[in-house]
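For the record, the sequence lines run as chains X and G.
All letters in the first sequence, in the order written, are residues 0 to 180 by numbering that gives the first Met the number 0.
All letters in the second sequence, in the order written, are residues 0 to 522 by numbering that gives the first Met the number 0.
These aren't lab readings, by the way, just hints derived from the structure by calculation.
Glycine included, C-beta positions come from ideal geometry on N, C-alpha and C.
There could be a bad hint or two in this list.
Per the computed footprint, the stretches of chain X lying under chain G, defined by three or more beta-carbons under 8 Å from a beta-carbon of chain G, are [unchecked claim]:
no.	region
1	35–46
2	82–89
3	102–114
Below, a list of computed lysine to aspartate or glutamate pairs in the EDC-like style, where the Cα atoms sit at most 16 Å apart [as the list claims (entries may be wrong)]:
no.	chain 1	residue 1	chain 2	residue 2
4	X	Lys86	G	Asp106
5	X	Lys168	X	Glu131
6	X	Lys86	G	Asp231
7	G	Lys252	G	Asp268
8	X	Lys86	G	Glu435
9	X	Lys27	X	Glu52
10	X	Lys86	X	Glu131
11	X	Lys86	G	Glu101
12	G	Lys515	G	Glu435
13	X	Lys27	X	Glu48
14	G	Lys412	G	Glu433
15	X	Lys86	X	Asp100
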Amino acid sequence: MYGMIHRAMRQMVQEELGEEAWLALEQKLDIGPTELLTGMVYDDALTLEIVAEAAARFNLSVDQTLEAFGQYWVRFAGQGSLSSIMKFTGQNLASFITNLDRLHLAVGSAMPGARLPTFSTLENAPGHLVVEYRSDRVGMEPFVKGLLQGLMDRFDACGEIAVVHRGEKTILFDIRYQDKG
Amino acid sequence: MLLSFSEKQIGALLPAFLHIDKQLNISAMGPGILRHLPHVRMGMPCAEAFDIVNYDTAQFFQEGANVQPVSLIARDSDVHLSGAAIFHDAGCLLAVRFAITEDMFADSSMDLSDFGHADPVILSTMLIVLQRAMLEESQANAIELAHERQRSADLLERTSRVAGYMAHDFNNLLSVIRLNTDRLSRQFGKDEKIGKLAEIIQEMAARGSEITQSLMTLSLQRTDTRQPLAVDQVIQDNMGVLDSVVGSNITLKLNLDADGRKSVVSYSDFLNALINLLLNAREAMPMGGQIALSTSIGVGRSNSHADGDADTDMAASGSYIAIQIADTGIGMSDALLARAFEPQFSSKPNGTGLGLASVRNFAAEMGGDVWLESVEGMGTTAYLHLPVARTVAPLVAAGSSPPNAGTPNALGKQRILLVEDEPYALEALVEMLEAEGYAVTACTSGEEALLALGQNAYDVLLTDVLMPGQNGTEVARDACIVQPSIKVILMSGYVPDSAALQPGWLFLHKPMESAKLLQLISG
Ligand code: HEM
């Protein structure tokens, strides 16, 4: 995956476990700044190695870590120079998810070689969404679940995310939510 | 009709569209208008909700035909819309979009849903925002990489320094072993068995010394020695190298007339300086030619600068060895000559500009000077002047008859002030030097040596460099002030920074051989 993702992972480890923990992880995997170049495409295997090594330090499973990272990514992108584009993508949960593909379309033009997923909103009713996630990657279900949870957090919503179907390349998420307060 | 779309479909393509009927009332609108301009209602006269830029609304719709560009500003808000007005039988479709700038991305209440999928402005604005974010991160990447490089360089520097210190300490130990083994051979070497054992120890110490040498080379420490070298001899010994430096289409003519005189230099630095000057001459003659390399002895001031620079003014009144390298090349203009020794300055396409600058450093460190003289079209001559090493009165061998009157010691023995903080080395050196007929005053620290200098005159100061308290170069500097004629020999396991060495000081690399030391003392 793109180095941008590695940098977000680093920031998550640093924020939760401290600078030293990240340095120890770098040392363990024998990586450094050259594996954290924003615009560089790295093999998914490296990305997963980083996630697995972080998982060991968080005392979580890899899936739990992926989920936590998904949630974190929404916060990460919501800060700094990506914040405006996140805001522009949608100002409530339903419109954000509906517009995710358009966001990733722009990402695809800015970051050639990115293998980006597709999200289709199959049902969009107040407090209820059915979203189909489609990707040629496998094993991303916990990551997507974390991302969707992150989006609920972003829009101050609470609710349940359930997987209702797993296809070869698709996963169907059922989201029932209500706005807090 | 070829195509027909529902309002919903048009709204998906153009979320901010409007339809104006023949009565100039709003008859349809996209979801974007509903969301962001709630005061606009169906059936409302268009002119009540919008101004058309540069037109009277009624006039625009009445005169319009086919497709025309249009810009609208919503009344009661500063929302701008722009696009095309498409006229048809039932009225006019305003195929417009919200005008949005990049700043509005962050603080407008609009989002992607308010713009059509194929909206090129939105796509390119998103691209710009993404690229800017990536650029910002890339700058952070570059800084991280630079820090990483610095960290590696620091680590290398530290490791190399530690390796240097270790080599230095080890050299000191080897020095003690070598000196004391020499002592052993001298005293008991007649016993064949002891002589053999001493030889083995000597050989092993020599091998150990080779290892420390490699360690020092690896850790980029200098390992050379500054000693009096006969300039003509060095040139003659290296004719093979020098010939290949000038290349086959240039003849190198020698005229060596320095009369076997010596200058205190580091062998490799001197050779490098010669090579650099020859390369410079060679590059001035791409079509071939002749280089005359000559040496001679001069007396008095070297005359590089008519206005005389006190710092580089070589051994003000002493004699010097003049080395001249004259080519028959293209010569240099005054402007080039003036800048020729500047670091990083080169008139050649592939030149680094470091060659002549390093020659100038070398000459200055040795207390000499270098300069160029040139006539355009005729050739350039490089002058390298090095001070002639002071000759010291020959030593008196133990037991021989009293020598020169000028020596400070009444018995005619040469006096050596020996400073060494390592007691076993000191002991061995004292014994060896005394056995050779020198009068030795032994000190274990720089402070002790300075006291001794205040009390007696010495011919030679032989001092270790790294010592606690006053170090060897400081002692040597003070000694030269108090007793300007003293001959300085520094000995150390590592080469001190050239800046700390004064021209004319001799330097001996530890672990040293007794014979080499005696040779330096006697000059
Ligand atoms: C400004 C915000 C965002 C940017 C710049 C961005 C960019 C990216 C990039 C660079 C990748 C990696 C592709 C690769 O290296 O092959 C990626 C993957 C992904 N993104 Fe986004 N993304 C953003 C927001 C989101 C959000 C909010 C979601 C929420 C659902 C999301 C869902 C995903 C998923 C699930 C993947 C994994 C790819 C896969 O499953 O094959 N992204 N994104």
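Original post:
Hint by hint, which ones does the structure fall short of?
Top reply: When the structure is compared with the hints, numbers 6, 7, 8 and 10 turn out to be violated.
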